[in-house]
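Peer 1: So the protein sequences, as listed, match chains A and B. In this text, residue positions in the first sequence follow the numbering used here: the first is 1, and each later residue adds one. In this text, residue positions in the second sequence follow the numbering used here: the first is 1, and each later residue adds one.
Treat the hints with care, since some could be wrong.
Pairs involving identical chains hold if they fit within one copy or between any two copies, as the list cannot separate such chains.
[Unchecked claim] Mimicking EDC-like on lysine to aspartate or glutamate, the simulated pairs with C-alpha atoms at most 20 Å apart in a straight line are: (1) Lys218 x Asp168; (2) Lys415 x Asp105; (3) Lys344 x Asp401.
Don't read these hints as lab results, they were simulated from the structure.
2 protein chains.
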Amino acid sequence: MSAIRNQSVDPFFSALTEILGDAGVVRDPSIASNHAGDWSEATRSTPCIVVFPRTPQQVAATLEICARFRHQVVVQGGLTGLAGGATPRDGEIALSLSRLNAIEDIDNVGGTATVQAGVVLEELQRRVEEKDWYFPLDLGARGSCQVGGNAAVNAGGNRVIRFGTMRDMVLGLEVALPDGRLLSMMNRVTKNTTGVDLKHLFIGSEGTLGVITRLVVKLSPKPTYACTALCALPSFDAATRLIREGRARLPSLSAFEVMWEDFMVAAQEIHALRPPFAASAPVYVLIETLGTDEANERALLENFLADVLESGLVADAVVAQSMDDAQRLWAYRETVAELLSHLKPHAAFDVGVPMAAMDRFVSSTRDALAQQFPNQRHLFFGHIGDGNLHVLSGPHETSDDLHRVEDLVYRAVGKAGGSISAEHGIGVIKRDFLHQSRSADEIALMREVKNLLDPAGVLNAGRIL
Amino acid sequence: MSAIRNQSVDPFFSALTEILGDAGVVRDPSIASNHAGDWSEATRSTPCIVVFPRTPQQVAATLEICARFRHQVVVQGGLTGLAGGATPRDGEIALSLSRLNAIEDIDNVGGTATVQAGVVLEELQRRVEEKDWYFPLDLGARGSCQVGGNAAVNAGGNRVIRFGTMRDMVLGLEVALPDGRLLSMMNRVTKNTTGVDLKHLFIGSEGTLGVITRLVVKLSPKPTYACTALCALPSFDAATRLIREGRARLPSLSAFEVMWEDFMVAAQEIHALRPPFAASAPVYVLIETLGTDEANERALLENFLADVLESGLVADAVVAQSMDDAQRLWAYRETVAELLSHLKPHAAFDVGVPMAAMDRFVSSTRDALAQQFPNQRHLFFGHIGDGNLHVLSGPHETSDDLHRVEDLVYRAVGKAGGSISAEHGIGVIKRDFLHQSRSADEIALMREVKNLLDPAGVLNAGRIL
């Protein structure tokens, strides 16, 4: 990896400038630093150069130059990732997609949008909603994260139970490869069985195999009405049965968020929220349906809740009667951002656990954490409708303790046959634990594929593997 | 490729027998022939040997032997494919999954099933329904096709609009590779973002990269009530607006089948069916919703139809009042099997076309076919809710004519940015047209991936590429 010492004579820098123009190659470390976002878990550093391609062809040409000069490059989208994957390592140049940000087409008949990778998620949501369509991916970072990055990490969010993850919304991709090819896979049809569906190599592989430059995404008809309820449950077992009944009886079920009692208590404390029910419960579930027929959605949900209250699956329930009501119910769940900063330095987890193993996983992990770290808080919550559990443990005093917590949780995930990252990705911070979720043969094949597509090893090196 | 001449001394045969036992290696060509199913489009031949592994390890060992001896092998599931992919070519041995057919586990809490590749689709459907779950993949060949094959071709069927294709139902896979590795990717959680999701290399690649041996599939809660309606529409444009409104207002919409007038006329003729409406229409749509609340499903659909009748989107509509009624409405659509045999020798297509291009594609293709082949019938229908169009043209007298029809249709698909195979796969019969749906770079990368996983080129050689 060559360091850039002298702009005027460095052939690598000259090659980049020739492709991208002076304005497309920025050397000022302060720009790079401002550009580097804010996340707490991994080492931060500034890249020596940030490049800003304006066309997919420029992205491909940049990668070809990096491979030719064997100069490592890190891909940057909205810089909202939580796994450290976009943070430059020493000597890496950064390739920012932020100027590749056009919404090229919204197909009003087929319900698809063709967008460049740097489009901000919220911008896409807004633009398609103007045309009465809906892009269902939604997450806290919507105002900064980019759709290319969403695809690179296969983003999830709150509504996976209804609409799937980003992978399920991508019909087509265009990807720049390290050898300079611009691979077009801009499929626009739902069903396409014509050989290996290569786009899936790039979705979820965190930019290690190629740089996503354009996407065709699937849109849904715009829902106009959300119905929200909060339920208190006697046990987690009741929650597993509730989700099954809910999926059967509520076709427009769009969220099923579980909060264990410890989380609920902490959430109420931090925002001085009133307890939702007279009596406390071991498990709470937030249910949302999204539809277009208010009366029908409400009737379906209320009938459903009446039945599960009668059967004892649910101990108590409240249905929002207004938007304000709904916000009050979501408020418990949405204290997460504050809890994260309140419990710093923390270990925060985003794991997937099979539903049948969830109850035991939570109680044994909670007990083990409480025993080893009796003075810390250990909170459990998540998008349990799709097996995605978040654990928040802190504040921890030393990085050694943080590592012990990570080791404890990831081992337990491995033992339960779960995933060490449900939706945030591996990046650099979970590399050491990859073997807990992927078999040795899988890791070997991932290396073979990496070597096939990036033989010089210049692209997002040291991420995932 | 070595021919097997003498059983007692042939080292290839001995190696197979050592792994599989005498009962697992069958040389009788008549068995092979009975085993070879029945489909009309491609050349049929019998394999010299059929092997019947009983464990995933035996599948992997068989592939390793084939690679070592450079002996080509074709994978066989239920032999219901329509693209000729499982038909042995001269000298190939056939590897049948039919004895690898255990349902290993149905996870009643998480709603997943762990199955071996040779399980027949209908058997899986039946077994999970006994436990009040539902495996939503469904197609005409359900009684013979195997779930491993369903994954290998990414099968679709009637309910893709609600439940997606097979790819969307597969959580985990185990795959035997030509180098003898048994690659375990038996993930059981919905959200898993831990590097490249390698299972997608094997789903839809028609057994050219590895042999699927086991699967974890996602189940849905069992619907208990279907609501069916047939609509007459004034135009295809009305159908595109109807599907959009239907997706917004009918969350349990599970089928949206379009039949053009020419198909409807032929369907009525062949079975002496009564016309569904007093007046004929250019386009008919069959709608189905699947749910658990009969009164609610019916009310939603009836309200929806009342509104679209009033707005003129639909000219006439009939809602089934009983199971018999529903069968009568599906009967028009289900004449396909008879039409296929009636119009032999025919060219039958399974293409994907972007919705915005569909109307023009259908009318220009119909005109071109009518002009070149005025004495044949050309029928258009399909799962249009997901852009999947079927075209049936025949009877044609010469294979030259059949090829001209194929050339005409696939060129038009390429021009429309569509897919030459929505759900049947490429196999051997669509190889020559692959370039109409995949870019040159995609085909090159597919070859590179094939070469990475099967460097000796022994597995399903000559399929897809």
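Peer 1: Taking the hints in turn, state whether each one holds.
Peer 2: Evaluation of the provided hints:
| no. | hint | result |
| --- | --- | --- |
| 1 | Lys218 x Asp168 | both (8 Å within a copy, 15 Å between copies) |
| 2 | Lys415 x Asp105 | between (46 Å within a copy, 18 Å between copies) |
| 3 | Lys344 x Asp401 | within (13 Å within a copy, 73 Å between copies) |
In this structure, every one of the numbered hints holds.
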